[in-house]
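Make a model of the complete structure from these sequences and hints.
Count along the sequence shown from 1, then add 20; that gives the number in our numbering.
Be a bit skeptical, because a hint or two may be false.
DEER-style ranges, computed between Cβ atoms [unchecked claim]:
#1 Lys255 - Arg161: 39 to 45 Å
#2 Arg115 - Arg345: 36 to 42 Å
#3 Arg115 - Ser360: 51 to 57 Å
#4 Ala328 - His61: 37 to 43 Å
#5 Ser209 - Asn243: 17 to 23 Å
#6 Pro80 - Arg161: 42 to 48 Å
#7 Glu306 - Pro268: 27 to 33 Å
#8 His145 - Ser360: 38 to 44 Å
#9 Asn277 - Trp153: 32 to 38 Å
Honestly, the hints are just simulated from the structure, not real lab data. Just so it is clear, CB atoms sit at the ideal spot from N, CA and C, and this is done for glycine as well.
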Amino acid sequence: MIPPGVDMSAVRRVLIIKMSALGDVIHALPVSAALKEAFPHIEITWAVEEAFAPLVSGNPYLAHVLTIPKMRGRSLRSLRFHREYLRRLRDIRTRRFDLTLDLQGLTKSAVVAAASGAHRRLGYHWLREAAGWVERPVPRRPESVHVVDQYLDVARFLGAEPKRVWFPFHVPDEDEQAVDKMLCSVGISPGSRFVSINPASAVAIKQWGAEKYARLMDGLSENLDIPTVLVTADKAVAAEVSQLVRRPFGNLSGRTNLKQLASVLRRSAVHVCGDTGSGHLAAALERPVVALIGPTDPDRACPYGQRANVVQHHEACGAACTGRRCEYDQPNCQAAITVSETFERVRRILSVS
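If you want it as structure tokens, here you go:
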């Protein structure tokens, strides 16, 4: 049912605002599909930070992608940055949006919503900082536990009930061809099964450790005769793992852009990672993900549809542990995850795939 006050038949131009980060933008992708399939007449534009624009470029449900410069400490002191930022906001204003949907819920996204001039400005239920001053939060349904479903509640509020949760993601042919060459260069022939591994995470307490990843890679090679491929932008962490692995493996660390990373993940038999964006991308591409998660709530934020593949020992966390802070010198929850249980989870998936 379309709620009172939002006549979607009168809405023509919709702006989705989800600016960062990798996993969060991926989580929001189904909203574009749900809205366009329910209301084919609308024109959807997405506002995103420049670094994450590849995640939405080529999305068939979008008419336009608008990039917004990221606000950094140093850039905020630059007159050139402010001029460019204001130019982008003025461009948004000229597009005369009827409705904005803020799926970020922060000041930086609220500024974009306010700059649009749209009379209807909605956000998902968790509006923080200044967002609550300029936007109306859409209530979360009690059954919407995962953040993907919480974002979709915004589409449902407008009358767009998705028939399925679909993550539209496009990889250009040139990137597919580039990945063909990359994989061949590390000994992976076309059509061969392999396990992709991302040992890095933006937050140090979410990392499992180079030594454990190396042992897992050796175990997969020795016991299952399946090759492994490192995929991470963090060359330092990849180098730590590389020094410890005894068996041959493919190393694509630092060699792929986001589109090419998606192509590698889509070809993987299994993706193994910590609490990081590559896991969400692999899940969006409908690949099995073994996610090694520390204090994060997996019911809300694990790779979508992959709850059964999560390896976690939350009982090892302290009462004050959060996704950003550990009360111990070393994260006990990560230390409690063993190589053997992770290997067994991967083996189980490989045996049925």
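Consistency of the hints with the structure:
The hinted window of 39 to 45 Å between Lys255 and Arg161 holds, with their beta carbons roughly 42 Å apart. Separated by about 40 Å at the C-beta atoms, Arg115 and Arg345 satisfy the suggested range of 36 to 42 Å. Here the CB-CB span from Arg115 to Ser360 is close to 55 Å, well matched to the stated 51 to 57 Å. Between Ala328 and His61 the C-beta distance comes to about 39 Å, which sits within the given range of 37 to 43 Å.
With their beta carbons about 21 Å apart, Ser209 and Asn243 fall inside the hinted range of 17 to 23 Å. Checked against the hint of 42 to 48 Å, the pair Pro80 and Arg161 fails, with Cβ atoms roughly 27 Å apart. Taken as a hint, the range 27 to 33 Å holds for the pair Glu306 and Pro268, whose Cβ atoms sit roughly 28 Å apart. Under the hint 38 to 44 Å, the C-beta atoms of His145 and Ser360, about 40 Å apart, fit the expected range.
Taken as a hint, the range 32 to 38 Å holds for the pair Asn277 and Trp153, whose Cβ atoms sit roughly 37 Å apart.
Going through the hint list in order, the structure does not satisfy hint 6, though it satisfies all others.
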